[in-house]
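Chemist: Generate coordinates for the entire structure from the input sequences, incorporating the hints supplied.
Here's the letter readout for the chains.
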Amino acid sequence: MHRFAKPSVFLKLADTLMPWMIAITVITGGTGLYLGLFWSPADYQQGDTVRIMYIHVPTAWMGLFCYVGMAICGAMSLIWKHPLADIAARATAPVGAMFTALCLITGSLWGEPMWGTWWVWDARLTSMLILLFLYLGYMALVNAFDDPERGSKAGSALALVGVVNVPIVKFSVDWWNTLHQPASVARMDGPSIDPSMLWPLMLMAVAFTGYYFIILAIRVRSELNERRIRALQLSGLFEQGDGTTSGSALYDQGHNAGAGK
Amino acid sequence: MSDYFMMEGYGLYIWSSYAITAVAMVFLLVTSLRGLGQSRIELDQLETLLKSRRPRRSKSRDARP
Amino acid sequence: MNAFMAILRRDMRLALRQGADSVMVVAFFIVTTTLFPFGVGPEANILARIASGVIWVSALLAAMLSLERVFQTDYEDGTLELLTLSPVPLELVVLGKVATHWLTTGLPLIVAAPLMAVMLNMSTDGFGVLIVAMLIGTPTLSLIGAIGAALILGARRGGVLVSLLVLPLYIPVLIFGAGAVEAALLGMPVQAHLQIMGAILLLSLALAPFAAAHAVRQAVE
Amino acid sequence: MNAFMAILRRDMRLALRQGADSVMVVAFFIVTTTLFPFGVGPEANILARIASGVIWVSALLAAMLSLERVFQTDYEDGTLELLTLSPVPLELVVLGKVATHWLTTGLPLIVAAPLMAVMLNMSTDGFGVLIVAMLIGTPTLSLIGAIGAALILGARRGGVLVSLLVLPLYIPVLIFGAGAVEAALLGMPVQAHLQIMGAILLLSLALAPFAAAHAVRQAVE
Amino acid sequence: MTVFTGSDLTCRRGERMVFARLAFTAGPGDAIMLRGRNGAGKSSLLRVMAGLLAPLHGQIFWQGEDIADDMAAHRARLQYLGHQDAVKPVLTVWDNLRLWAELRGIRDVDSEIDRALDALGILHLANTTGRFLSSGQKRRTALARILIGPAQLWLLDEPTVGLDRESSAGLAGLIEKFRGDGGTVIYSTHIDLDITGPKLLDLDEFAIPMMEWLAGAPDDVVPEEGPQAIETPDKEGVSA
Amino acid sequence: MTVFTGSDLTCRRGERMVFARLAFTAGPGDAIMLRGRNGAGKSSLLRVMAGLLAPLHGQIFWQGEDIADDMAAHRARLQYLGHQDAVKPVLTVWDNLRLWAELRGIRDVDSEIDRALDALGILHLANTTGRFLSSGQKRRTALARILIGPAQLWLLDEPTVGLDRESSAGLAGLIEKFRGDGGTVIYSTHIDLDITGPKLLDLDEFAIPMMEWLAGAPDDVVPEEGPQAIETPDKEGVSA
Ligand code: HEM
Ligand SMILES: Nc1ncnc2c1ncn2[C@@H]1O[C@H](COP(=O)(O)OP(=O)(O)OP(=O)(O)O)[C@@H](O)[C@H]1O
Ligand SMILES: Nc1ncnc2c1ncn2[C@@H]1O[C@H](COP(=O)(O)OP(=O)(O)OP(=O)(O)O)[C@@H](O)[C@H]1O
Ligand SMILES: [Mg+2]
Ligand SMILES: [Mg+2]
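Protein chains in written order, with numbering that gives the first Met the number 0: chain A, 0 to 260; chain F, 0 to 64; chain D, 0 to 220; chain W, 0 to 220; chain G, 0 to 239; chain U, 0 to 239.
Derived from the structure by calculation, the hints contain no laboratory data. Be a bit skeptical, because a hint or two may be false.
Simulated restraints, written as ranges between beta carbons of each label pair [unchecked claim]:
1. W:N1 to F:R33: 47 to 55 angstroms
2. A:V8 to U:G104: 58 to 66 angstroms
3. D:M187 to W:E75: 47 to 55 angstroms
Partner residues are not named here, just some residues of chain W that face chain A (Cβ under 10 angstroms, in silico) [as the list claims (entries may be wrong)]:
4. V22
5. I29
6. T33
7. P36
8. F37
9. G40
10. P41
11. E42
12. A43
13. L46
14. A98
15. L119
16. N120
We put the beta carbon where it would ideally sit given N, CA and C, even for glycine.
Modeler: Okay, here's the thing in structure tokens:
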């Protein structure tokens, strides 16, 4: 496990997979958009607004998926103590937060014409809002430390703890006395969804997943770069601009001990 | 055609949700790529500096007891 | 167990010596609750309607506000690393600190809550359930809060950060706590609410000491 | 004036560098506001009724939470005593810090408030007045808060203490701020409310810098 | 006889390599004195020895057993004194020590604490509140803590800071007594402490030329295997 | 010629009398070195001289004028260095100094800061963030601050803390230069700094035997006139 997750191995793997991921994302995204916007029919009850579903639902799924991914990374960091797991969790958070926010926004944009209101305190909606808060808390925690490694470790622990909340909030739908989802949603929940709608939905979901992995690869790579840059800068080797060094400056340089304390 | 874009009067909702999603995704992609590019440039600079410094440094290190 | 009592005893002594710790938490609770009649207006029926929610939210905020120092001072003066190095399991130490937090925060809040309920015109039917719900709910707040307090050790701006981490995790307690009181006021059965709160308490009792101890170990590295 | 700008510039740079300072305040504001629907229940009309009060109380709490560090970090690392020793009047320095607090706290809250108003089902009639009232009210919060923040320098457990000192002083702002929005929602004139808020602002603008500077001088002794 | 050994120890803090390939051995009655510039890694090494900090690479053994395998046993046998005194300002000296006595499961807490206070010459301060202690008195309270309960290993990080000449000599006496009873002491200090024949361990020798580490492992930003590419010869450290 | 004098100074901190009946005089070009045990009151005296702390009793004069009468003028003429460095971890060295230059109304901020940094040998660190400075580098940043803007009086509280030998010598040179330009320097230190002919002021001599003070004035816990009951002879301190 350790050996496999070595940064260099990961980077090589990411390099070989990258073109494929881009291809899949572009193709599925393009077809999904075409099918969703032109090919699929308007819903007989919701009319054309149903087209919002092709992004609303995949973003919702991605928001949940990314959080679970983060928690899995947290567990891996806890069990195997591998720094790459922390970095991956750290790179996942902004993507997940973005998808969660997009789900909330598109949901609101769908809610206004369908329910006549931007927002209701319905269990499903609020659970999504809490998920966004969990993401924001994670990102705030990770960035609150001077030592980024320590931030990532604390973040992984939080992600793991926070995942307990996800099912709890989701099940609260049964106990929380609430206005329930209007029938228009419940109707769609059934397995009776038409293939003409299912196809673009699935294609968009695949495209979003591909997008997530692309961003993940990019961000992990730049985080690894950042770490090496920090190590180089902390070495104190590059502090003076030109070659003229005073004696004391020379003493400071190049030693691991220069900057601390 | 414009009927199509009107989407039975719901065009504004539909198109703005698509647009917001597209903008957000492109924004995240661009900032991630830019971060990667910048880190690469900076790393390259430091790396070349490191190479150029190396011989001189090890000499001065030897000079010290 | 001996270690647990030792920590509890010392921390309680510290809290009492450090002067009016729980008094301040209660005062914050009262002041926050009192803000609502000013903000919402004095209509008795509106206040009564929102009373249980306001009391729970204020209790959450008050418990949260005192979280920061569960580990912080011990972290800053080096006690925490010595506790990590002591032969007793760190989980027990954490549990001792959680117990102190509850005794100095949760318990006083429970005492003050009925007073605020009267001020907010809550019907007396709900009082019993309010107290029982808080008895089950506030230990959960302390337990979950300890995780947050341990995670922010060494972070910049711990105070605001801990609220961001902990408040979302508090929401289930809030929902069922306020729900139980609401149900009691409407004359409906409250059993289910309280049982779920009990389940959450047991879950956090099982998880929180380990999670917090893990975070503490990371912090003293 | 030069000194004021120097302080403002440095503190803003500090706040921005220190990472997402105002983001956190806004997050706290949003999370706190969100707690109420959980506590009170989701009925739209109840929420709409208490919306302005909840928003104001949350804004008060958010502003207060970030108060502690207006002077605290400068006090702890010795900057504050050097500022006291610098040739510019300390009152100007205090004013610079108040301005920074407002820019990093009050202003972001004003931006976030309408969002929360939407989520709490407040009628859009009140939005304009809400923003105007917050524009007048939040600087007052920063000014009054600075006195509290200066008074608690060096005290243990600043966080809870500052809330106790400051929240009662915030109540007038709360009453008239929430009152103005309420009035606007009922279609009544809001002039009077806003004028009183303006008067409070001017009064605290005249008094707060001197009071806070005095407290700072005592603290660095 | 050696009971406490470490081999091939490499330590990284933050992004910074502190020391590499460090080895040490100590037996009962031995004292090791850590030396080095500020930031050379003395405190880091002591923390590694205490098990507070996991080394990036290398192991530490107590009687042939890796301490990481049984941390509880290691903790029970060691007493650690850090840079910080951990004296609570609102508790009396006596109350401050009581927690540590209770956590070590001492039966006769009272007499044990009194004995420790007496050894440090601060018995008269037993009922003084921490806030009113001078820095030297605080340090002595912290030192009293390590006398409470049985121990086989003392890890002392600059124990003499803040002590006046007399108390320094007293501390040296305590250390000698502990060594006489078969204890092992490892301490760091900038000034000389009057200890007979300590082994010297100069942390500066194990400093990693950052330069070469960085040049040697360009891809290994998060090195798993330690900095293999370093050309510094394997240092032997002190040996019994 | 003497410009800076103090007479009959008594200082109380908290419930504790720190020193009493202290007097000093200094002229342009003079240096006074404060000595004494930890807690003898060196820092307290420097704070009294800076006007941060009001003495319980006694006055301080600058050219015959009580400094308490015109604090603004006193502040404009002095530069103070405390125990703390006041270096913000998130700002660069340059940005850290900029505030102080701006507050002193320096016109050419850039060159003034560069000059100060150069004098301390940390010009190459100008763009380094405070967090990554070693303690010595932090101290030098704090010392650079006192070079910014004109001043007539330097009050330095243990300026050599954290400085290596070389930088200490450099600091001594800066102090000599300042004295040569007619400045007055008052500093406290535990180690010797290479200053030519400083006057010595030993704070231990002015310490109040707490016992006697309490015994002598049983109900005068806040003495108005200073501790009259003490039998220590009236010390003269240093005189020009
Ligand atoms: C801000 C408002 C909204 C939020 C936060 C939201 C959230 C969510 C979430 C989290 C899911 C995924 C649930 C799962 O996979 O278990 C979902 C699915 C869905 N939402 Fe929304 N939603 C919102 C508004 C709406 C509106 C207004 C409609 C339509 C009237 C709608 C229709 C749907 C549909 C049809 C699904 C797919 C259900 C399925 O078959 O799994 N949503 N939404
Ligand atoms: N928590 C930390 N995170 C990152 N780096 C650290 C941390 N603590 C110390 N360092 C760095 O590790 C190096 C070694 O520090 P350490 O405290 O071990 O030095 P030391 O030899 O004890 O110095 P001193 O004599 O000043 O006590 C220093 O360069 C320091 O900057
Ligand atoms: N803020 C304070 N409140 C009360 N007492 C104080 C305060 N600061 C210092 N003291 C006390 O005043 C006395 C003198 O302290 P001061 O800091 O002046 O000593 P010092 O000579 O500078 O010592 P050091 O060499 O340790 O710096 C000490 O006994 C100390 O306990
Ligand atoms: Mg050290
Ligand atoms: Mg001093």
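Chemist: A closest beta-carbon separation below 10 angstroms is what the hint needs, so does A98 of chain W meet it against chain A?
Modeler: violated (25 angstroms)
Chemist: Let me know if the C-beta of T33 of chain W comes in closer than 10 angstroms to any C-beta of chain A, holds or violated.
Modeler: With Cβ-Cβ at 7 angstroms, under 10 angstroms, it holds.
Chemist: Tell me if the interface restraint on A43 of chain W is satisfied: Cβ within less than 10 angstroms of some Cβ in chain A.
Modeler: Cβ of A43 of chain W sits 7 angstroms from chain A, so the hint holds.
Chemist: Less than 10 angstroms between beta-carbons is the criterion; does P41 of chain W satisfy it with respect to chain A?
Modeler: Since the shortest Cβ distance to chain A is 3 angstroms, the answer is holds.
Chemist: Mind checking the hinted window 47 to 55 angstroms against the Cβ distance between M187 of chain D and E75 of chain W?
Modeler: Since M187 of chain D and E75 of chain W have Cβ atoms about 52 angstroms apart, the given range 47 to 55 angstroms holds.
Chemist: Just to be careful: measuring from the Cβ of F37 of chain W to every Cβ in chain A, is the smallest value less than 10 angstroms?
Modeler: Holds: closest Cβ of chain A sits about 7 angstroms from F37 of chain W, inside 10 angstroms.
Chemist: Measuring from the C-beta of L46 of chain W to each C-beta in chain A, is the shortest one below 10 angstroms?
Modeler: At 7 angstroms from the nearest chain A Cβ, L46 of chain W passes the 10 angstroms test, so the hint holds.
Chemist: For the restraint on P36 of chain W, tell me whether the closest CB of chain A is nearer than 10 angstroms.
Modeler: holds (4 angstroms)
Chemist: Are V22 of chain W and chain A close enough, Cβ to Cβ, to be under 10 angstroms, as the hint says?
Modeler: Holds. Min distance 8 angstroms.
Chemist: Taking 58 to 66 angstroms as the hint, is the beta-carbon distance of V8 of chain A and G104 of chain U inside that range?
Modeler: Holds: the Cβ-Cβ distance is about 59 angstroms, inside 58 to 66 angstroms.
Chemist: May I ask you to test the hint 47 to 55 angstroms on the CB atoms belonging to N1 of chain W and R33 of chain F?
Modeler: violated (37 angstroms)
Chemist: Per the CB criterion, is I29 of chain W less than 10 angstroms away from chain A?
Modeler: holds (8 angstroms)
Checked against the numbered hints above, the structure violates hints 1 and 14; every other hint is satisfied.
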